[in-house]
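Asker: Quick note, the sequences are listed as chains A and B, same order.
Residue 90 in this note's numbering is what sits at position 90 of the first sequence, and the numbering runs on without skipping anything.
Residue 106 in this note's numbering is what sits at position 106 of the second sequence, and the numbering runs on without skipping anything.
Keep in mind the hints are simulated off the structure, nothing from the lab.
Worth double-checking, as some hints may not be accurate.
What the hints assert, rightly or not - Chain B side only, calculated, beta carbon under 10 Å to chain A, not exhaustive:
hint : residue
1    : Leu46
2    : Ser48
3    : Arg51
4    : Phe78
5    : Trp88
6    : Gly169
7    : Gly175
8    : Pro253
9    : Tyr386
To be verified - On the chain A side, residues computed to face chain B include the following (Cβ under 7 Å):
hint : residue
10   : Ala24
11   : Ile43
12   : Ala80
13   : Ile83
14   : Leu87
15   : Leu94
16   : Tyr96
17   : Glu101
18   : Asp105
All residues carry an ideal CB built from backbone N, CA and C; glycine is no exception.
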Amino acid sequence: MEFALAALVGLFFATSIYLLLSRAIIRMLLGIAILGNAVNLLIFTAGRLTREIPPIVPHGQKQLIEPFANPLPQALILTAIVIGFALFTFLLVLGYRAYQELDADDTDTMRIAEPERAPRPPLSY
Amino acid sequence: MGTNLVNEETLVLPKAMIEVATNAADWVIILPVVLALLGAAILLMLRSTLRGQSVFAIIVVMAIIFIDVLLLLKILEFGPQTMTMGKWLAPFGISFSVDVIGAAFALAGAVVTLVVLIYVQADIASREVKYGFYTLVLLMLAGVSGAFMTGDLFNLYVWFEVMLISSFGLIIMGGRKIQLDGAIKYGFLNFLATTFFLIALGYIYGLVGTLNMADIAIRAGDAPVGPISAIGALLLLAFGMKAAAFPVNAWLPASYHTPHPAVSALFGGLLTKVGVYALLRTLILILPSAREFLDPLITGLAVATLILAPLGALSQTNLRRAIGFFLIGGVGVVMAGLAMPTMRGVAGASIYVFHSMLSIAALYLLAGLIERMSGTDDTRKMGGIYNASSLMSILFLVMIFAIAGLPPFLGFWPKLLLIEAGASQGDVVLIVALVINSFITLIAGTRLWSHIFWRVGREGENSEQVNDRLEPLSLKDKWFGIAPTSILVIIVVWFGLFPNVVFDAGRTAAADLLFSERYIQSTGIDMDIENIDIENIDIEVKP
Numbered sequence: 001m002e003f004a005l006a007a008l009v010g011l012f013f014a015t016s017i018y019l020l021l022s023r024a025i026i027r028m029l030l031g032i033a034i035l036g037n038a039v040n041l042l043i044f045t046a047g048r049l050t051r052e053i054p055p056i057v058p059h060g061q062k063q064l065i066e067p068f069a070n071p072l073p074q075a076l077i078l079t080a081i082v083i084g085f086a087l088f089t090f091l092l093v094l095g096y097r098a099y100q101e102l103d104a105d106d107t108d109t110m111r112i113a114e115p116e117r118a119p120r121p122p123l124s125y
Numbered sequence: 001m002g003t004n005l006v007n008e009e010t011l012v013l014p015k016a017m018i019e020v021a022t023n024a025a026d027w028v029i030i031l032p033v034v035l036a037l038l039g040a041a042i043l044l045m046l047r048s049t050l051r052g053q054s055v056f057a058i059i060v061v062m063a064i065i066f067i068d069v070l071l072l073l074k075i076l077e078f079g080p081q082t083m084t085m086g087k088w089l090a091p092f093g094i095s096f097s098v099d100v101i102g103a104a105f106a107l108a109g110a111v112v113t114l115v116v117l118i119y120v121q122a123d124i125a126s127r128e129v130k131y132g133f134y135t136l137v138l139l140m141l142a143g144v145s146g147a148f149m150t151g152d153l154f155n156l157y158v159w160f161e162v163m164l165i166s167s168f169g170l171i172i173m174g175g176r177k178i179q180l181d182g183a184i185k186y187g188f189l190n191f192l193a194t195t196f197f198l199i200a201l202g203y204i205y206g207l208v209g210t211l212n213m214a215d216i217a218i219r220a221g222d223a224p225v226g227p228i229s230a231i232g233a234l235l236l237l238a239f240g241m242k243a244a245a246f247p248v249n250a251w252l253p254a255s256y257h258t259p260h261p262a263v264s265a266l267f268g269g270l271l272t273k274v275g276v277y278a279l280l281r282t283l284i285l286i287l288p289s290a291r292e293f294l295d296p297l298i299t300g301l302a303v304a305t306l307i308l309a310p311l312g313a314l315s316q317t318n319l320r321r322a323i324g325f326f327l328i329g330g331v332g333v334v335m336a337g338l339a340m341p342t343m344r345g346v347a348g349a350s351i352y353v354f355h356s357m358l359s360i361a362a363l364y365l366l367a368g369l370i371e372r373m374s375g376t377d378d379t380r381k382m383g384g385i386y387n388a389s390s391l392m393s394i395l396f397l398v399m400i401f402a403i404a405g406l407p408p409f410l411g412f413w414p415k416l417l418l419i420e421a422g423a424s425q426g427d428v429v430l431i432v433a434l435v436i437n438s439f440i441t442l443i444a445g446t447r448l449w450s451h452i453f454w455r456v457g458r459e460g461e462n463s464e465q466v467n468d469r470l471e472p473l474s475l476k477d478k479w480f481g482i483a484p485t486s487i488l489v490i491i492v493v494w495f496g497l498f499p500n501v502v503f504d505a506g507r508t509a510a511a512d513l514l515f516s517e518r519y520i521q522s523t524g525i526d527m528d529i530e531n532i533d534i535e536n537i538d539i540e541v542k543p
């Protein structure tokens with residue numbers, strides 16, 4: 001089971017890196033979305049997979065009894081999903097605004113902040 | 001499964017809960033973050049009232065500075081302080097563990113924020129107040145303070161994201177085309193960096209089963225060095241990207257010159273420093289074995305950053321982009337300290353971060369005033385400001401000397417410590433790189449100064465023309481612009497002339513980073529209990 005998930009994580013990473021290397025903002029956004037999922041799955045897998053044994057202390061006990069599913073990775077993933085979603089939403093709107101204002105979906109043509117032929121500094125002094 | 005019951009009397013477990021209320025004095029550890037978050041929440045509710053927001057934000061930041069000073073004094077006297085939230089003891093509950101560098105950087109960050117808040121009074125548009133400028137600034141301060149103070153790696157990730165989302169809001173405030181362009185590059189690459197950090201977190205949890213920094217520091221020693229080094233490399237990439245170290249620095253000169261100068265100052269003073277701080281914290285305190293493995297790589301990156309960054313500044317005609325390259329050069333200095341984990345090296349790196357927070361912010365603020373006077377961001381067209389404001393020319397030159405590391409300013413002492421560290425280790429490459437860095441920074445900086453201030457006019461068609469486009473600063477600009485900037489300059493000069501306090505603090509900071517005992521002790525995690533094998537605890541099983 002771990003092996004299958006690890007392979008899936010690898011596939012997600014490969015896809016997202018391929019998309020992030022693109023010049024088009026919209027593809028980079030898709031890459032970011034897939035990257036977030038890849039990382040969440042990775043944390044989930046790294047926390048060890050245990051099926052159908054919720055970490056609940058049985059009645060009359062003081063302590064959990066092995067084996068039980070690890071609840072912490074799920075809490076981490078939940079936090080990461082929420083945060084990642086907020087940032088992704090911002091980037092989505094930012095990409096749209098940039099498309100409207102700069103008329104460009106291509107990062108190669110976004111050269112306002114870094115002019116392509118920047119003037120050379122003067123040779124005096 | 002599920003049928004064997006444990007006899008309660010024989011169950012021996014380490015103490016896991018806090019049973020008494022937290023000592024009132026311990027609240028200073030969390031108060032800087034709580035005040036900033038509360039202030040931001042109140043400002044959000046008051047967003048439709050335009051007047052009074054600035055005064056409220058300034059009062060909140062002043063209170064935070066006061067608390068930070070108290071906390072720093074307490075730590076200098078009694079050692080690192082820890083407060084654990086939510087009744088669970090350290091490895092389970094989330095701790096705030098503050099040592100000298102955490103408290104000192106948080107204090108410097110709050111001082112920079114206060115100066116920036118006063119500075120924007122001269123020209124902030126009411127539209128920007130309505131869109132939550134002050135709220136975002138306080139949220140960013142909360143994120144930065146939290147990142148400096150937290151003792152939990154996942155919590156550090158959360159503070160990084162708090163910082164990131166509020167900086168997104170600040171960088172596009174105003175909505176000019178150039179800002180959207182800069183924000184795209186800033187946004188994507190910083191989001192990517194925090195994602196790399198998250199990947200490293202997943203691996204750390206999988207490998208050592210804990211996310212508390214002190215707990216990881218205890219357990220990472222037993223972990224196999226290969227995976228630990230892989231995690232270290234991921235952290236180096238993630239925080240290096242945040243700190244804008246070579247070769248992942250391209251986003252900084254592409255974005256930091258686009259927003260309002262005050263926002264540039266805030267970013268330059270706070271954001272990259274959090275990345276640098278996280279590098280020091282994780283690679284020296286938590287995963288020293290990974291740092292040892294990565295040492296040649298870190299040295300190489302430090303040398304490349306040290307030399308290439310000021311060369312970038314030399315080639316710029318845009319004033320704030322040039323300052324961005326100075327900022328990257330400062331990151332190289334800290335990386336050099338990271339490559340030499342001795343008392344002198346780490347103390348030098350810590351003091352340099354403190355110095356760089358103040359002086360880079362001051363340089364950006366001065367750049368904002370210069371741009372306001374000359375109406376351009378092109379250094380070729382700025383000439384002649386010396387005649388208009390000689391005080392500004394002095395402040396600018398002092399700051400250039402400080403970041404280049406000339407005595408008697410604060411920038412000199414950490415570089416001296418680093419060069420001493422290199423000399424005691426025989427690390428000639430780093431010494432040479434540090435000296436070349438200072439030299440090129442000085443050339444680039446003084447050339448900026450001579451173009452902007454010394455020369456009487458702007459560059460014309462064939463020769464220089466008298467600069468008739470200069471607009472003298474209004475009285476408001478002087479009071480809200482030059483006065484707060486001078487506070488930063490005075491701090492840099494004062495600590496440069498009387499560096500003993502800084503040296504003492506730097507020594508304590510380095511000792512706490514290099515020898516983790518005091519830091520771990522403050523969290524209350526018992527180093528010995530960790531080694532008890534849980535399997536062998538005598539548990540009597542009832543039939």
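Asker: Now tell me if each hint is right for this structure.
Answerer: Quick rundown of the hints versus the structure:
1. Leu46: 23 Å, violated
2. Ser48: 23 Å, violated
3. Arg51: Since the shortest Cβ distance to chain A is 29 Å, the answer is violated.
4. Phe78: Violated: closest Cβ of chain A sits about 32 Å from Phe78/B, beyond 10 Å.
5. Trp88: Since chain A brings no Cβ nearer than about 12 Å to Trp88/B, farther than 10 Å, the hint is violated.
6. Gly169: At 8 Å from the nearest chain A Cβ, Gly169/B passes the 10 Å test, so the hint holds.
7. Gly175: 8 Å, holds
8. Pro253: Holds - the Cβ of Pro253/B comes within 10 Å of chain A, reaching about 7 Å at its closest.
9. Tyr386: 14 Å, violated
10. Ala24: 12 Å, violated
11. Ile43: 4 Å, holds
12. Ala80: Since chain B brings a Cβ to about 6 Å from Ala80/A, closer than 7 Å, the hint holds.
13. Ile83: The hint holds - Ile83/A has a Cβ within 7 Å of chain B, the shortest such distance being about 5 Å.
14. Leu87: 5 Å, holds
15. Leu94: Holds, because the Cβ-Cβ distance from Leu94/A to chain B comes to roughly 6 Å (cut-off 7 Å).
16. Tyr96: 10 Å, violated
17. Glu101: Hint holds; Glu101/A Cβ to chain B Cβ min 5 Å, cut 7 Å.
18. Asp105: With a closest approach of 11 Å, the Asp105/A hint is violated.
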